[in-house]
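Asker: So the protein sequences, as listed, match chains A and B.
Read left to right, the first sequence gives residues 1 to 436 (our numbering).
Read left to right, the second sequence gives residues 1001 to 1188 (our numbering).
It is worth saying that the hints were derived from the structure and are not from the lab.
Here the structure is a predicted model, which is why all the values come from computation and not from measurement.
By construction, the Cβ of each residue, glycine as well, lies at the ideal position given by its N, Cα and C atoms.
Careful, some of the hints might be misleading.
[As the list claims (entries may be wrong)] Partial pick of chain B residues on the chain A-facing surface, computed with a CB cut under 7 Å:
#  : residue
1  : 1019
2  : 1020
3  : 1022
4  : 1028
5  : 1034
6  : 1035
7  : 1038
8  : 1051
9  : 1087
10 : 1091
11 : 1104
12 : 1136
13 : 1137
14 : 1140
15 : 1160
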Amino acid sequence: MTGTALPEYRVRLFLSVDLVGSTAFKARMGDPLDAKSSPNPAWVQEMARFYRGFPDELERAFQNLAKPNDWDVAVQPPKVWKTIGDEIIFCCRLDCFDHLALCVRAFTIALDKYGQKLDGLERPGLDLKGYAWVAAFPYPNVTVRVFEQNSLAATDPDLPDEKIEKQADNNPSAFDFLGKDIDAGFRMGKNSSASSLTLSIELAALLSTHGDRPPLDGVRFTYSGRQSFKGVMGGRPYPVIAIDVERSPTRRKLRHFERTLGGIDQLNHPIDVNAFALAFMLEEQMTLPWLKSTCTDSIPPTLPYDYVVFSETWNEISKEILEREKSELAAATSDGDNGKSDVKIDDSISRQAQEAVKRVSFAVDPTIIQRIAALTPDSDTMKHIRESIAESRRVAEALAEYYSVRQKPKAVETKAEADGRKPRPPSGTSEPDPSG
Amino acid sequence: MLEWSLFVANGQSYPKPINAAKHAINDFAERLAAQFSFAPGDPIEPLVRRLGGHVVVKNPVAFTGQKPESIIVRSASDFTIFVPGMTSIERDRFTIAHELGHLFLHFPAFSQANPGVDMVATRWVDESDKDQQRAEWEANWFAAGFIMPSSAFKAVYGETGGDVRALAVRFGVSQSAAEIRAKTFGLV
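Using the sequences and the hints, build the whole thing.
Answerer: Structure, rendered in structure tokens:
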């Protein structure tokens, strides 16, 4: 615990990109005819390119974007957190609002550029879809180190601290991130479609705050009504806000007409998106993550209330662990005898301990009874089972008693006696005969 | 809740040390673990359930300003151990074993002296209170013996060439706990 520090409040951005149409593409391009011309089916090559190419595209886009005057060069672009099937998820600790805007803008550029590449390669049916969300740490979401074989990482402290969070900022792929916002992000993302970048409501609220200034100016928000997602907001319909990343101008136009005809509200202007997202979050009692405005912004943070509660809890637990460790070390290193090196354990202690041993030996796991009860709604049968268990316990106790009594005179038992001895287990509840 | 706080405030319900020798407490704990068939690395929560106890995960926030309880013993077969949320599995395991130390070492005398009164140990004690500090040490000796029995510990130490990480994994303790135990046996 020495040197452990309270984990700072931080917001992480998660960006997911999925190669859509890849299952159909695999089926088409993985046939034996294709295999004849190349040792690898075409889809293997395409996936390999995607895993390598898209992260590069994103980094390039991030570096090429113009930075604000007070930009801190140490601030990093998003890094790969994990890959799942045809999906790559990036993660990034957000330094400030400018950083968020740059990451999202770079992501939309990368989607566009990589999409164009797919178009140029004439890979029919292959496209990209993306979704993005933000989550606050260390509460309500948590950072967990992924088990690493033979790693020195097992030196994790008793209480998650700032060191762990910093390591996760620098190397997210060695960590997992868990919590309601992560779950919601994944669920909501399943709704995203090609040519759109779906945003969680918190992310939409943050992005739209400054959505009309560079580098976000020119980004188009779309709203396509509400949808229920299992496990998100208790199934109450969740607003689907996205950034339009459609590459084809004709398809873009077509969709605009479709929406107008369908009467779906247009939330094109960032101010409208912002007002709507904030009103929705207020109604649903959601917490807006806090970000400073720029890298050099020194205005004291307005930390969410739940983080304040978390830090109080953390400090209390940290104090407890420090006190415990201090006492454990002192106890282990002291001989602790104070001239009592021959004082033995009192009889009453041993007696009570032996009663516990006996009780534990015959204790029926309470979950077993619960499981039986779940299977057997009939109360008469249940009563019968309980009685049988009690009866078996009495038999078991009596048996144990019988054999413990039998064991004692064993040392003085003659061979003839032993030969002639026949185990005579007691039946039911009757007291065993100590004479054997 | 109010009653517990009153007991804590009066100092009436604290465990009192038994003043037995360190090695006697260690041996007692090791023997007891063997009798419970509690092997190195075994989960400790099921044992607590079989003993009639409960492990409750509880954040100490509401207790700011006073020492929150870590075990309440109502009877030898009815007790509740509180562990704070967020802590590691290894930390919780040692804490639970420590609280079992209070149950087995301190409750017998306590229940005789205070029939019908709940025994309450707190998460930490005043350093100036030598009696309470001694009781804490006794519970720590019990915990170390209970989850890191000497012969098994020395055997694994030999097997692994003193690899602290491997020891920690085998006994389900933190590396620092394994290190301290190795020092106790003069292995390092």
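Asker: Taking the hints in turn, state whether each one holds.
Answerer: Cross-check of the supplied hints:
| no. | hint | in the structure |
| --- | --- | --- |
| 1 | 1019 | holds, 5 Å |
| 2 | 1020 | holds, 5 Å |
| 3 | 1022 | holds, 4 Å |
| 4 | 1028 | holds, 5 Å |
| 5 | 1034 | violated, 10 Å |
| 6 | 1035 | holds, 5 Å |
| 7 | 1038 | violated, 9 Å |
| 8 | 1051 | holds, 6 Å |
| 9 | 1087 | holds, 5 Å |
| 10 | 1091 | holds, 4 Å |
| 11 | 1104 | holds, 5 Å |
| 12 | 1136 | holds, 5 Å |
| 13 | 1137 | holds, 4 Å |
| 14 | 1140 | holds, 4 Å |
| 15 | 1160 | violated, 13 Å |
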